Structures are given as structure tokens and as C-alpha cells.
Amino acid sequence: MEEQVKNASWDHFVRIHEDLCNGCVLCMKVCPAKAIRVRGGHVARTEGLCIDCGECMRVCPRGAVKAITTGSRKIDRPTAVAIISPVLYTQFGEDITPGDIYEAVKGLGFMDVVEQAEVMAQYVKALELYIREKGKSRDAPRPLISPVCPVVVRLIAYRFPSLLKNVVPIITPRELSAREARKKIAEQRGVDPEEVRVYHVTPCAAKMISIKRPVLMERSYLDGAIGISTIYPEVLRELKARKEKKGEANARNRMVEWAASGGEIDNMEEGNLLAVSGMQETIRYLERIEMGLLESIDYVEFRACGEGCIGGPLTVADKYQAKYTIRKLGRRQRQGLQADVAQVEERYKSGWFFTHWEPRPIGHREQTLPLAEAIRRQEQVEKLRRALPGKECGACGSPDCATFAEDVVDERASISECVFLKRPREKGESG
Amino acid sequence: MYGLVPGGREWIEMAHLLKTFSITPRDFVRAGEISIAIQGILKSVGFGQDVIRRASVCAYESEMNVVMHGGKGTFFLAVEPEMIVMEVADDGPGIQDIDLAMQEGYSTASPEYREIGFGAGMGLPNIKKNADEMEITSEKGKGTRVKILIRAEEESGGAG
Ligand SMILES: Nc1ncnc2c1ncn2[C@@H]1O[C@H](COP(=O)(O)OP(=O)(O)OP(=O)(O)O)[C@@H](O)[C@H]1O
Ligand code: SF4
Ligand SMILES: [Mg+2]
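Residue numbers (this note's numbering), protein chains in the order written: chain A, 2 to 432; chain B, 22 to 181.
Pairs of lysine-lysine residues, derived as BS3-like cross-links and limited to a Cα-Cα distance of at most 30 Å, are as follows:
1. A:135 <-> B:150
2. A:35 <-> B:40
3. A:213 <-> A:350
4. A:384 <-> B:168
5. A:35 <-> A:392
6. A:392 <-> B:93
7. B:149 <-> A:135
8. A:213 <-> A:184
9. B:40 <-> A:392
10. A:384 <-> B:40
11. B:150 <-> A:137
12. A:384 <-> B:93
13. A:166 <-> B:150
14. A:166 <-> B:149
15. B:40 <-> A:30
16. A:75 <-> A:213
17. A:137 <-> B:149
These are computed hints drawn from the structure, not numbers from a lab. Just so you know, these numbers come straight off a predicted model, no measurement behind them.
Whole structure, please, built from the sequences with the hints as guidance.
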């Protein structure tokens, strides 16, 4: 256990700062991976279980949870490319157009700024081709699952490994953008593509782990991530400075709607398509898919954050405000980005879109026990759980009674930690 | 069916992991919770993916049948390394013609249920397809009992 923690600690990019933490139970309660415990007045995390979703960050009232992104000192802008997520366009209200924002980011000194939107129409077309192809095959897994949200992908690799085969093996728009930008710049400047630095301007606390420890690809085409909340003040300053110049307004072409839940499937023409957002809802639907209950659906767009990436932990604007902005911006144009269908088909056939990588499950410690032992352990857990009061208070330092029972059986916690299960002797003493 | 289990009924009562749940008929808010709990238990034990999938499909279909058609029910689970046994019993109206009920597409579900996606008449056939053994007994007016056995001899451990 100890070793696992040590080895894995650098592996996560959502971190809890002990000096700011007062050991309340809020993050422990919301953690969907049940990776957090309160020990000795502070939270401790079982690193091997964390999926970097950032739920803890959202609830922490003391700002003790921070997402690590690439430090600004590490980024040498004149030699770096920034890929911008469409979420950025939703952060400044309806009066500032995506064109203005794009120009503003360009003014921040990067070697090049690329809009993720550029490849999105192609990505969506390729996705449609894939869904159609699999729809014809009898033994293709159903429903197919979007590869876009890295938290969902990690969740699947940890808790629903049987569904890894449902995840579409098409490279996500951010990675496609990075790959192509890298290639283009390398050609233009006559340098090695490896030397080009590419960063994602992102709302997502999980982007760093998806770059450093990708599940769906062997290696990421990105070098790091810049949080929208980090770069926001600079963009705002730049926007103010260039107030007079009006950027091109077309929001549709910039795929602003992609930023909210449903934006990915909105651009598809046919099929039984479903969009689900929010951590709890995602888990619920994955459980159902694993039971074979959603086989009438062709494709599910999952987003771990409620309302989609506009709800990402590294955003600045409130997610409903952002949704409002999307609506306002999108209304002004009817026409979306058009993909060159012939080119997409050709690239599809040549493998241009595909990851060519078989994703692997991320293992759990318990699952390495021999079955007979694992069953005995589980029976002990169930027995203890029946004996516990079921108050779900978290005072023991475990997120709920069931997890406390596991912790006791696994000798990570002592039964005496339960504040309701007072031993008779103690009662006599205190009373 | 238990003839095929070494030691029969007795074995089941001595199984290492036993769990009983109660099912409330027509409670659609909690419907499905038992199968999700069972799926979770089998996952933390670390059965193979296919075993877990087949067991949870069977659990779900039999749980839903009690919720939709049955009476007050109990869901009993016994787990051993070689097999998973589930026994789902209720004191509802029973099944008149079991052979007919086992046919794909046969359903007595009301239009209201069909509207919310049930009543395709695929539940029992689905159990049959996914279980290694299945047995239904029913008495009109007294209730229904479905026994399901899933063998787990194949590879264990969901992760690798
Ligand atoms: N526990 C039960 N009590 C009474 N009748 C039952 C019970 N289980 C099944 N039946 C009868 O058997 C029929 C077929 O069951 P089956 O599960 O195959 O289909 P369904 O429940 O009607 O539809 P679906 O499972 O596809 O939603 C049911 O319509 C019902 O008449
Ligand atoms: S919904 Fe978007 S922002 Fe949130 S975790 Fe997923 S990809 Fe990241
Ligand atoms: Mg049924």
C-alpha cells in the first residue's frame, strides 16, 4: 500500500494541500472513486484510486485542492503552440465574439494559436462513419462511448473495464489538433516535430493526467495543459487593449456548442445518440450499459462534469452563464463548420483518425487476491457492514459505512473509529 | 437444479458469501438497485468480466420481473469461487404457463409499462441465454421462484 502511494503520488495532477486542509469531510463525501479518507485531522488519498476528476476541488471551501497544470515559467511562448478549447469562447459573455477571443490569445505571444474547432467537423464526420460501420456489425459492442472526456475514460478503465471496447478508437479533437499543429509547424520551420511544444488551453483538471498517462493512446501529442482560469486575466487584459478591432463573429464555425453537454452529438445527423453529463449520472449509465440495458443506443457522449466541459473545474464563468452565452452566440449563425466529406472518407480509410492502440484496464488491489480469499474478504465486509449503524456520517474518516467496513477488513482503519459503536466499557466510563 | 451443485441446497447455505435483499413490488424508484449492488459485490470480489456481465443481466431481469409482475419478494445471492447462485422468489400472482412465458416476445405487461420501455417479453429468455442453468417454478396465486446458476470457472480478475 505504502509503496503504491509513493510510486503514484507524482502521477496525479489534482492535489490536496495539507496546510490549507482542516480535515472536514466534504471532499471525502463527493469523491466518486472513494479515494479520500480523513486521518489525523487531514485528508489522505489512496493515489491508486484517484481519477483526477476534480470533484474535490469543486466542493473544498478552503481552496485546499489545486489542479496542477503546466507552470507558466515552463512554457516558452515564442516556441509554443496553444490549442484552444471551445470552452474558452464561453467565458467572456455574449458580447465578446470567439473571433475577438482568438485574436486576444494570439496577442499573448505564442508561436501559433490553433482552434480545436478546426478539426472538430472532421472528427464528427469520422465518428459518424465509425458508428455506421459498427451499426452494421452484429457483434460490435453497444452502445459506443465517446473517447473525449478523460475522466470518463479513466473511470471506465478502473471500474468498468469491460466497457473499454465500447470506447471509440478515434483520436479526440484536442489530440488531432495537437498532432496536426506539430506536423505543420515542424514543416514550416524545418524542425523536428518532437521539438515543437504544444499546450491545451483547457477547462479540464484531468487534461494533465490524460497527457502524461493516456489510456487511449500510447503517447499524447500534447506537452501540457494551461488552465482557462490561469490564462483568463491575461486574455481579459488583451481583449480590453484591442477593444476597437472587432474579430470575426462566426460562433458556429468555432463549435462553441461543443463546450456544453450534447454539443458533440448535436453535430451528428443520424443514429440513436445520447448525451449524459455529471459524475453520478455517468456512473449510473455505465452500470446500466454493463448490464446490457442500453443496446438500443448507438452512441453515448459522456461528460464527467455537470452540463459538460463548461462545468469543468478550471473554468471561470458559471456553467449556466456559459450555457446562456453559447445560446446567444450560436443564434447569430445558422451554419456550422463543414467538413470535406471526400477528404474525411479518404483519411478514415487510411487510418488517419485512429489511435491504433488497445486501451488497458487500470487494476485494483483487491482484484489481485485469489477468488476464494476475495470472497471471504467480501463476506467479512458484508458482515461488518450489517453491524455498523448506517449513519453515513464520515466521522470515522471513511466516506461511508460500507467503505469503512472495507477499510477495517483491510486493516486500514480500526473498528474503534466508529463513533456510534461505543464499546460498553467506554460508555460506563464516560457516563 | 441444485442436484448439479456439489452438496445441493446445503452447499448453498454454507457458501462463503451470502446475501439477502427484499424487493418491493411496483417500487420503480428503487428498482434495479439490487442488481447494481450485486454487480458491485461481484466486481470487488474480482470475477471475470463475462461472469459479472452475465450475472448482472440475470439479476436485473429477475429483479425487474418481481417489481413489475410479482408480489413481495426476496433476492438471495450465494457466491463461491466456482459459481454464483441467485434465487429470486415472490408471493405474487404466479405464472400461468411457464413455457409460454419463456418465449421471446411473450409479455403480459400493461401498455403503461411498455411506454416506459418494459414488456418486450425478453426478460426470461435473456436470463436463459446468460445463465448456465435456470429453473422456474410457479404456482398460480401463490408466487414465483426463479433459480439461476452462473459458473465462474474461467479466468478471474477483471483487471490485468
Ligand atoms: N415474478 C413474476 N410473477 C408473475 N409473472 C411473471 C413473473 N415473471 C415473469 N412473469 C410473466 O412472464 C412474462 C414474460 O416475462 P419476461 O421477463 O420474459 O418479459 P416481460 O417482463 O413481460 O418483459 P421485459 O422483461 O422484456 O421487460 C411476463 O410478461 C409475466 O406475464
Ligand atoms: S467534462 Fe470536460 S472538463 Fe469535465 S472532465 Fe470531462 S473533458 Fe474535462
Ligand atoms: Mg421481464
